[in-house]
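Participant: Sequence:
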Amino acid sequence: MEPSIFLDVLASLQKLFVGYIPAAVLGSFVGYLIGINTAIYQVLKRIFQIPHSIPPIALLPIALVIFGDNSEPATVVIVFLGTLWSMIINTAIGLQHFRRQNNNFRVAIFHTFHALKVGIWVAWFTVIATEMLIGPKGLGFLAWNAYKAGNTNYMIDAVLYIGIIGFLLDQLLDFAGNLLAQIVSDGKKPS
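The numbering of the sequence shown is the working numbering, which starts it at 1 and goes up by one.
These are computed hints drawn from the structure, not numbers from a lab. Hints are supplied without guarantee of correctness; some may be wrong.
[Claimed, not checked] Distance ranges between label pairs, derived from CB positions:
1) L7 - I54: 30 to 36 Å
2) I62 - Y32: 26 to 32 Å
3) A39 - V184: 23 to 29 Å
4) I50 - F17: 22 to 28 Å
5) I40 - L160: 33 to 39 Å
6) E2 - L33: 43 to 49 Å
7) N153 - Q14: 21 to 27 Å
Only a predicted model underlies this, so the values are computations on that prediction, with no experimental measurement involved. Where a beta carbon is used, it is the ideal one built from N, C-alpha and C, also for glycine.
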């Protein structure tokens, strides 16, 4: 990996994790609070669908008005918001299924990790898209600038790194979820 591409990878991952991790923690907590009570869940699930229905990239102009030309905080905030709603909704759904299936922890783990995977996908997509639109660094910026400069090799390299990183993040969450599901006992022997 060339040093410049490595720096772009680090820039993209930094924006991803600075927005994703707090959203995953807060979203899981709020989703848990909503999901433990069926009446609250029925009322709030519709309300949370409204912000969840807004594509995070659509928030970019608002974030740029708030943060000015400083693109990194704008990117982090829209990554946070895009991830937050997915985490809240999917965690609450997971708790509802957990309760319906006789407190089966594997069901809760499945839904929690599904929320984490959806959240990481939304966050990664948002980081790459914002980098393409406003830069000034990262894999999305590299791919877009390579396209504009006619540098096919850098463009393909950037897209491959984007795909590989997305795949690895997905697989890491799958592995962690499966491992946790094996550790947590629901009264049955793991198969």
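Participant: Indicate, hint by hint, whether the structure satisfies it.
Facilitator: Structure-based check of all given hints:
no.: 1; hint: L7 - I54: 30 to 36 Å; result: holds, 31 Å
no.: 2; hint: I62 - Y32: 26 to 32 Å; result: holds, 29 Å
no.: 3; hint: A39 - V184: 23 to 29 Å; result: holds, 27 Å
no.: 4; hint: I50 - F17: 22 to 28 Å; result: holds, 27 Å
no.: 5; hint: I40 - L160: 33 to 39 Å; result: violated, 45 Å
no.: 6; hint: E2 - L33: 43 to 49 Å; result: holds, 46 Å
no.: 7; hint: N153 - Q14: 21 to 27 Å; result: holds, 25 Å
When each numbered hint is compared with the structure, a violation occurs for hint 5 only.
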